[in-house]
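**Student:** Chain Z is already provided as a structure; the job is to place chain B on it using the hints.
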Amino acid sequence: MNNIAFNIALPLLAAFLLPVIHNGSAKASRLVGPFVLLAMCWFAAAYFIFIEHPVALALGGFLPPLGISFHLDQLSLLMAVIIPLMLLLLWPYTNREGFREEALLLLLAGASSGMALSGDLFNIYVFYELLSVASFGLAASTHNGAAFAATFRYLVISGLGTVLALTGIGLIYTQTGTLNLAHIGQLAAQLDNNVGLAAFALIVLGIGVKAEIFPVNGWVPEVYATAKPRISALLAGLISKLAVLAIVRLLVVAYADTDALSLLLVLGILGIIWGELSAWRAKDLKRMFAFSSIGQLGMVLVAFSIPGEAGMFAGLAMMLHHLLVKPALFMLTENWSGSISSLTGAARQSPLGAALFILFALSLIGVPPFPGFWAKLIMVTGLVGADDSLYLLALGILLTATVIEANYLIRCAIQLYAPADENSSQSAKHGRLTLSISSALGVVLIISLFSITPLGNKLYQIAAEASNRSLYINTTLSNAQVPALRKIQ
Amino acid sequence: MSAMELHWLLYAAAFGLIVIGIIGVVTLSNIFRIVLALVIAEAGANLLLVIAGYRFDAIAPILSGSSVATGVMVDPVPQAMVLTSIVIGVGIQALALALVIKVYQHYKTLDLREIHQRLMNDIDQESGVRPLLSPHKPAGKRPLPEPQTVTGYHDIARGGNE
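Sequence order for the protein chains is Z and B. Each residue of the first sequence is one higher than the one before, counting from 1 in our numbering. Each residue of the second sequence is one higher than the one before, counting from 1001 in our numbering.
To be clear, the hints were calculated from the coordinates, so they are not data collected in a lab. Keep in mind that a hint or two might mislead.
Partial pick of chain Z residues on the chain B-facing surface, computed with a CB cut under 10 Å [stated by the list, open to error]:
1. A149
2. L155
3. T178
4. K286
5. I397
Covered stretches of chain Z (in silico footprint by chain B; criterion: 3 or more residues with CB under 8 Å from a CB of chain B, positions within the stretch not fixed) [said to hold, decoys possible]:
6. 167-177
7. 317-328
8. 338-352
Here are the simulated DSSO-like pairs of lysine-lysine, each with C-alpha atoms no more than 30 Å apart in a straight line [said to hold, decoys possible]:
9. K1108/B x K429/Z
10. K228/Z x K283/Z
11. K228/Z x K27/Z
12. K1102/B x K283/Z
13. K429/Z x K283/Z
14. K228/Z x K1102/B
15. K228/Z x K1108/B
16. K228/Z x K458/Z
Where is the CB? At the ideal position from N, CA and C, for every residue including glycine.
If we strip away everything but chain B, and leave its shape as in the complex, we get:
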């Protein structure tokens, strides 16, 4: 594999991970999975940073004692940055999981749409504003029972004509 091909492959992988993560965060409804999607997206961003400093066929940028650099070295700055951003990422993810637990304890569900609905209801209730939708289930049976007298479309149409 040539240097160019490898480079494009790595970039494609990084952006692919970011896109997968973002799609996951936007479309998933289970909040634990959302956290995982966020982890994937972050891995993509970190990979992108590492590639930014990558040189094909280069050696690790380590100089010891009085040795002088021989040949091409990879750029060490992005590696230091990635280390930082991984650590930050882990911290944020731990915080996210702690919040997932807290949310589950209070709302007994992991479904984001339901949580959001109940959050909105809570806010509306606290501020004394009537919510747009009733929090109660509709009275009576659901789905509605079939109408009994109707036999078919043509019968009604004919009946109407008569």
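One chain only, chain Z, in its complex shape:
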């Protein structure tokens, strides 16, 4: 059972073979992507279900800290399952234009799986860059001037982030002489100084470009307003979470007891304030959701900055909730791209769409029976338990942000159900594919609503495992396994 490497190799191989297959038979090339994604699901799910304790795989045959290792615990495997599922959901089934988008999506699948599983800082950086390239291509795939200009700005900000992250990685290497996350964790005492903290700050700002962290998220509204809703859903829902996860791994392993937590907290608070206020001012749905996702990711960051297991638990709950809700909301903007005032009476034309909008909006605000409420409750409990004035400030801002969120989302909902007037646009109807994607996510939301207790228990178990620093270090440095294929040689 050492086939988790296929989760990276298979999609990358398929992405590069897709043009060749497409030349042979266009029909066959359309089947390749979904088939590969299903296989990825299968491999990752098999690991996720049967794994009992975290495993480190030394892929090249060299044991860590020398060789590059993959860290398989419940958290990374959960992400490895979610990635292909999300891509299957947002796959361009009706696309008949060619293979480009599909190849880029496969590239994205491979790179993001690598990012979730890797236990090596430089490896994470390489996968992050691969993921960036794929996301630039996807963001520009609308093929109009606005999309190209938005993607260019995205690329420049991202490129700057790359430089910062690389500088941070270089600084960590000068301090510890290693890039294996577990080994860095073992030598964490050498990073507890100004240079070490600067390295962490640089990596946060660098990788934070994808995670929509406060000062480096200028690209968000433009890209999400110009890209296809499917792509926005993917970038806001999935990719941002992977970037957050990479930062959190580094935080847990090497910076758990340092000022790095306050840095994340402050950046998160600024993100919440900026994102929610901008969303409140936004006049069209796409940009409203773009800004609201900045605010939500700020909340995720604040949650992860709570020390200990409570922080990991709250962060994961907020993160997975946003991962479920935001893609569905972005999908609903497909034919509601006009200004919010032109949506008067849209509920009559698309009743299911409007109902789904209400469902997801209520969960996003955190109205009691919905999962969003439980996520926010866990976070509030964690913030109160942290027992620090800065965390209490964050609590106040979180609650204020919730009020602002409620205000702008309910304003939209009222607009949708208002009687139609001369402002309302003619074609506010959703396509069948859009509706089925959103409904699928809605069904997942409702199922998780009814099984909130077992889900919470499982999530707490995952969080406890992921926030256990000595377990991470021991798994990689003392018990790393060499894949069977390599042993035979």
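**Tutor:** For chain B alone, kept in the frame of chain Z given last:
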């Protein structure tokens, strides 16, 4: 030059390049120059990585056959990493230039501020939101013609008193 001096010089060079690049990206308005500034910043980051593995007076870390290491060797890991990051950098830069060409084809300008303005207008137009600023030029002559009757500040002041 002693080992210490050389080390500081190299670090200063690396951070200098990064700072120059970042200042360039933030302040320049020509998008081609922005790409070049990004290249400079990336060179700085790569230099920093190489220095991380540098040892003064050390030899290249190459072992052939049964030879054993004699003396100090430089750390080969950062060199391997730099190779990777240079290749990635070139890929990103090529993509950036491709986008520069595409942007130029659509907007016929390389000025980032103008491109950004038009991008915002395009987004506003598509979403049916009225932009904050009118896209049209103001009517009439610019700069405004000089007012004719005014002869000077003191005249007005005196006129007002009378």
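**Student:** Run every hint past the structure and note whether it holds.
**Tutor:** Checked hints:
At about 4 Å, the closest approach between the beta carbon of A149/Z and any beta carbon in chain B falls short of 10 Å, and the interface hint on this residue holds. Interface hint status for L155/Z: upheld, as the beta-carbon distance to the closest one in chain B is roughly 5 Å, under 10 Å. Because the smallest distance between the Cβ of T178/Z and any Cβ of chain B comes to about 9 Å, under 10 Å, the interface hint for this residue holds. Taking 10 Å as the C-beta cut-off, the interface hint given for K286/Z holds, the closest approach to chain B being about 7 Å.
Below 10 Å, beta-carbon pairs count as interface contacts, and I397/Z has none with chain B, the closest being about 28 Å; its hint is therefore violated. Counting residues of the stretch 167-177 of chain Z whose beta carbon lies closer than 8 Å to any beta carbon of chain B gives 7, which reaches the threshold of three, so the coverage claim holds. By the rule of at least three residues with a Cβ nearer than 8 Å to a Cβ of chain B, the coverage given for the stretch 317-328 of chain Z is violated, with 0 such residues. Note: the stretch 338-352 of chain Z has 3 residues with beta-carbon separation from chain B under 8 Å; the three-residue rule is met and the coverage holds.
Between the alpha carbons of K1108/B and K429/Z the distance comes to roughly 36 Å, so the proposed pair goes past 30 Å and is violated. Taking the CA atoms of K228/Z and K283/Z, the gap is near 19 Å; set against the 30 Å cutoff, the hint holds. For the hint linking K228/Z to K27/Z, the alpha-carbon distance of about 24 Å falls within 30 Å, and the restraint holds. For the hint pairing K1102/B with K283/Z, the CA-to-CA distance comes to about 29 Å; that is within 30 Å, so the pair holds.
The hinted pair formed by K429/Z and K283/Z meets the criterion: a straight-line CA distance of about 20 Å does not exceed 30 Å. Between K228/Z and K1102/B, the direct Cα distance comes to roughly 18 Å. Compliance with the 30 Å bound is thereby established for this hinted pair. Restraint check for K228/Z and K1108/B: satisfied, since their Cα atoms lie roughly 24 Å apart, inside the 30 Å limit. Of the supplied pair hints, the one linking K228/Z and K458/Z is violated, its CA atoms being roughly 34 Å apart against a limit of 30 Å.
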